[in-house]
Amino acid sequence: MIDVKDEKDVYLASFEQFERERAATSPAWLQRLRKSAMDQFAQLGFPTTRDEEWRFTSVTPLTRVSFQIAGREPTILQTSLLDPLAIRNWKGHLMVFLNGRFCRELSLLGTLPSGMQLRSLAAVAQSEPEILVSYLAHCASLDKHPFAALNTAFIEDGAFVFIPKDTVVELPIHFLFISAPGANPTMSHPRNLIIAGANSQASIVESYAGLNEGVYFTNTVTEAILEDNAIIDHCKLQRESLHAFHFSNLQVRQSRSSNFSTCSITLGGGLVRNDVNTVLMGEGAEATLNGLYVVSGQQHVDNHTQIDHAKPHCTSRELYKGILDQKARGVFNGRIIVRPDAQKTDSKQTNKNLLLSEEALANTNPQLEIYADDVKCTHGATIGQLSADALFYLRARGLGLETARKLLTQAFASEVLRGIKIEPLRQEMETLLHSRLPVDKKVSL
Amino acid sequence: MLEISNLHAEVQGKQILRGINLSVKTGEIHAIMGPNGSGKSTLAQVLAGRESYVVTSGEVLFEGRDLLEMAPEDRAREGIFMAFQYPVEIPGVSNTYFLKAALNAIRKHRGLSELDAMDFLKLVKEKMKLVEMDESLISRPVNEGFSGGEKKRNEIFQMAVLDPRLAILDETDSGLDIDALKIVAKGVNTLHADHRAVIVITHYQRLLNYIVPDQVHVLSNGRIARSGGKELALELEEKGYGWIEEELEHASSVKS
Numbered sequence: 009m010i011d012v013k014d015e016k017d018v019y020l021a022s023f024e025q026f027e028r029e030r031a032a033t034s035p036a037w038l039q040r041l042r043k044s045a046m047d048q049f050a051q052l053g054f055p056t057t058r059d060e061e062w063r064f065t066s067v068t069p070l071t072r073v074s075f076q077i078a079g080r081e082p083t084i085l086q087t088s089l090l091d092p093l094a095i096r097n098w099k100g101h102l103m104v105f106l107n108g109r110f111c112r113e114l115s116l117l118g119t120l121p122s123g124m125q126l127r128s129l130a131a132v133a134q135s136e137p138e139i140l141v142s143y144l145a146h147c148a149s150l151d152k153h154p155f156a157a158l159n160t161a162f163i164e165d166g167a168f169v170f171i172p173k174d175t176v177v178e179l180p181i182h183f184l185f186i187s188a189p190g191a192n193p194t195m196s197h198p199r200n201l202i203i204a205g206a207n208s209q210a211s212i213v214e215s216y217a218g219l220n221e222g223v224y225f226t227n228t229v230t231e232a233i234l235e236d237n238a239i240i241d242h243c244k245l246q247r248e249s250l251h252a253f254h255f256s257n258l259q260v261r262q263s264r265s266s267n268f269s270t271c272s273i274t275l276g277g278g279l280v281r282n283d284v285n286t287v288l289m290g291e292g293a294e295a296t297l298n299g300l301y302v303v304s305g306q307q308h309v310d311n312h313t314q315i316d317h318a319k320p321h322c323t324s325r326e327l328y329k330g331i332l333d334q335k336a337r338g339v340f341n342g343r344i345i346v347r348p349d350a351q352k353t354d355s356k357q358t359n360k361n362l363l364l365s366e367e368a369l370a371n372t373n374p375q376l377e378i379y380a381d382d383v384k385c386t387h388g389a390t391i392g393q394l395s396a397d398a399l400f401y402l403r404a405r406g407l408g409l410e411t412a413r414k415l416l417t418q419a420f421a422s423e424v425l426r427g428i429k430i431e432p433l434r435q436e437m438e439t440l441l442h443s444r445l446p447v448d449k450k451v452s453l
Numbered sequence: 004m005l006e007i008s009n010l011h012a013e014v015q016g017k018q019i020l021r022g023i024n025l026s027v028k029t030g031e032i033h034a035i036m037g038p039n040g041s042g043k044s045t046l047a048q049v050l051a052g053r054e055s056y057v058v059t060s061g062e063v064l065f066e067g068r069d070l071l072e073m074a075p076e077d078r079a080r081e082g083i084f085m086a087f088q089y090p091v092e093i094p095g096v097s098n099t100y101f102l103k104a105a106l107n108a109i110r111k112h113r114g115l116s117e118l119d120a121m122d123f124l125k126l127v128k129e130k131m132k133l134v135e136m137d138e139s140l141i142s143r144p145v146n147e148g149f150s151g152g153e154k155k156r157n158e159i160f161q162m163a164v165l166d167p168r169l170a171i172l173d174e175t176d177s178g179l180d181i182d183a184l185k186i187v188a189k190g191v192n193t194l195h196a197d198h199r200a201v202i203v204i205t206h207y208q209r210l211l212n213y214i215v216p217d218q219v220h221v222l223s224n225g226r227i228a229r230s231g232g233k234e235l236a237l238e239l240e241e242k243g244y245g246w247i248e249e250e251l252e253h254a255s256s257v258k259s
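Those sequence lines, one after another, are chains A and B. Using our numbering, the first residue of the first sequence is number 9, and each one after it goes up by one. Using our numbering, the first residue of the second sequence is number 4, and each one after it goes up by one.
Chain A on its own, in the form it takes in the complex (with noise of 0.2 Å):
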């Protein structure tokens, strides 16, 4: 039997030597930060099945495999290898981070509305603290995510987003993290900040991927605050090796009437875990979580959304959508909690999933919590096959089988991705969707 306490006792040896490392470079309010946070997460351990949040993945397999802080020293890495992972008429800022940290040379910040600050957030730790010390893990509720613990106690950098009030950044913004896998598995925790003074408005993309199919642990951590009236466009899209662990954790605070819409897309990892929380705590905010996992083989994908309705007359809209094949798992669990002060809240939570083998399996969640008497909540779910109805009156108009089983499972896709607003990143999301769907497959009607 495995001791759970030594596999916690692994993190707590690299943190010791990460801590002794960092003694004489970070400023002493992040090594209690990182201290405190090590200590939440020596107490939370990992979470097992038995746990309700994880009870349908179990983070075992990452466990099993002890994971080094990735190097320091720069990987040799040319331009031409970001050029597949890059979005293809992309015409925005960029930050490059490898393993997890920020790389200057290979990003392209471009020019910035004045007061805007793009930056790495190692650089704003040493430069100005006062900035993250009001902001930095305030929203992300170590408490209750012991991974989220894991990335704060590990925190080293990662983007910084600070967007001035009644600022609008035209160009969109594009956060890329590669991993560059080496000989022995290692891990490393990004540490997203983005606060959008009010009236404020930008659209921001983070990406992750491998340079190679090599084993690594990405565990990153996003935290986006929204002041009054800002406005903010997310998409995440992760396409880690198929041996990586990904673990998200995308944690928003709303105030009044600002908008925050965010499209989780998953073709990538292993074994993946996103979370994905917002608080509406102002009056007519609206948030919108959208997801994609498009998954195959022995893939595990794991997406908890939780919106918290605070305030009254707040808006959500939630579409998840799973595309899993052979033997691929998705896991869909979306909270949505109305609180007492919160009447009139409108909320539409959907989740469907495309089984397109008979080995794969969905599991789908809907759990609301309402506390409040006049709202309008609703929420739906399904799991099934691609309609025989459908592909044979495609094929009744001359469609082959594999080009109208393909048709439908974009079709089936595409109401998530229309919902991307920026269009370079849509038009590279529809590319990659249609290489990586399934080609050659018999199917009976």
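The hints are simulated quantities; they were obtained by calculation from the structure and are not laboratory data. Worth double-checking, as some hints may not be accurate.
With a straight-line cut-off of 30 Å between C-alpha atoms, the simulated DSSO-like cross-links for lysine-lysine are [said to hold, decoys possible]: (1) K103/B with K360/A; (2) K111/B with K128/B; (3) K414/A with K128/B; (4) K356/A with K429/A; (5) K414/A with K125/B; (6) K352/A with K173/A; (7) K384/A with K352/A; (8) K103/B with K429/A; (9) K111/B with K414/A; (10) K152/A with K16/A; (11) K103/B with K414/A; (12) K125/B with K103/B; (13) K185/B with K233/B; (14) K152/A with K43/A.
Here the structure is a predicted model, which means the values were calculated and not measured.
The hints should help you fit chain B onto chain A, whose structure is shown.
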């Protein structure tokens, strides 16, 4: 063009077709009529290649080739078009995209070059006019949110674009108002030519006021009980199907 002999077929183990014999020559229009459950739609589905309809015996030759051996898409590429009784809604796939893919698959099969966007659009506009279809429908997902009449019109529109050699209309007239019915008839009559053939499956004689068949067949209990000219349709309209079924029963009781 089409030679059906002794065709038997079943659905989910239930025998529906019990020995159909039918010969359709180029340039002809055949009407197949019959009461509910007589096997009209089963015949259409079997000809189009629906795999849940199992042919247990018999033969179908299309232009001298074994039709039953072909996959549904190959039948379509060879020139068979079935207008569905219940056209399927396909969310997320636009009518234009679908039809262009279908047309080019068929053209490729016929050794023709693929149509580019401009030529396709020109063709589409011309055929939409023929079926008086609203142009906004073409950019919408296939049949999604279409009314019953719009769906049927979309079938005729597809038929006009895909230019089949043998068109099979499976109760395309059911549920249509008189204006839509005339449009369907116009679509068929425009298509009608010496090198083509049409099979109109219908429950009612009404459509045959506008499409004049060369032959009318009455299907009953999985067999063609009677064949005749267009006057047979009028006789059916007047007397219903009962007398044919009675005749059949009488014949079989005499035999036994």
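Structure-based check of each hint:
Only pairs whose Cα atoms come within 30 Å are accepted, and K103/B paired with K360/A is accepted, the gap being roughly 28 Å. Straight-line distance between C-alpha atoms of K111/B and K128/B comes to about 22 Å, which keeps the hinted pair within the 30 Å bound. A distance of roughly 28 Å separates the Cα atoms of K414/A and K128/B; the hinted pair therefore holds under the 30 Å criterion. Under the criterion of a C-alpha separation no larger than 30 Å, the hint pairing K356/A with K429/A is consistent with the structure, at around 20 Å.
The straight-line distance between the Cα atoms of K414/A and K125/B is roughly 27 Å, inside the 30 Å bound, and the hint therefore holds. A C-alpha spacing of about 28 Å is found between K352/A and K173/A, which places the hinted pair at or below 30 Å, so the restraint holds. The straight-line distance between the Cα atoms of K384/A and K352/A is roughly 7 Å, inside the 30 Å bound, and the hint therefore holds. Among the hinted pairs, K103/B with K429/A is consistent with the structure: their alpha-carbon atoms are about 27 Å apart, no more than 30 Å.
Using a Cα cut-off of 30 Å, the hinted pair K111/B and K414/A holds, with the two alpha carbons roughly 19 Å apart. Between K152/A and K16/A the CA atoms are separated by roughly 17 Å; this keeps the pair inside 30 Å, and the hint holds. Straight-line distance between C-alpha atoms of K103/B and K414/A comes to about 16 Å, which keeps the hinted pair within the 30 Å bound. Restraint check: the Cα-Cα separation between K125/B and K103/B comes to about 12 Å, which is no more than 30 Å; the hinted pair holds.
Proposed proximity of K185/B and K233/B is supported: the alpha carbons are some 18 Å apart, at most 30 Å. A C-alpha spacing of about 17 Å is found between K152/A and K43/A, which places the hinted pair at or below 30 Å, so the restraint holds.
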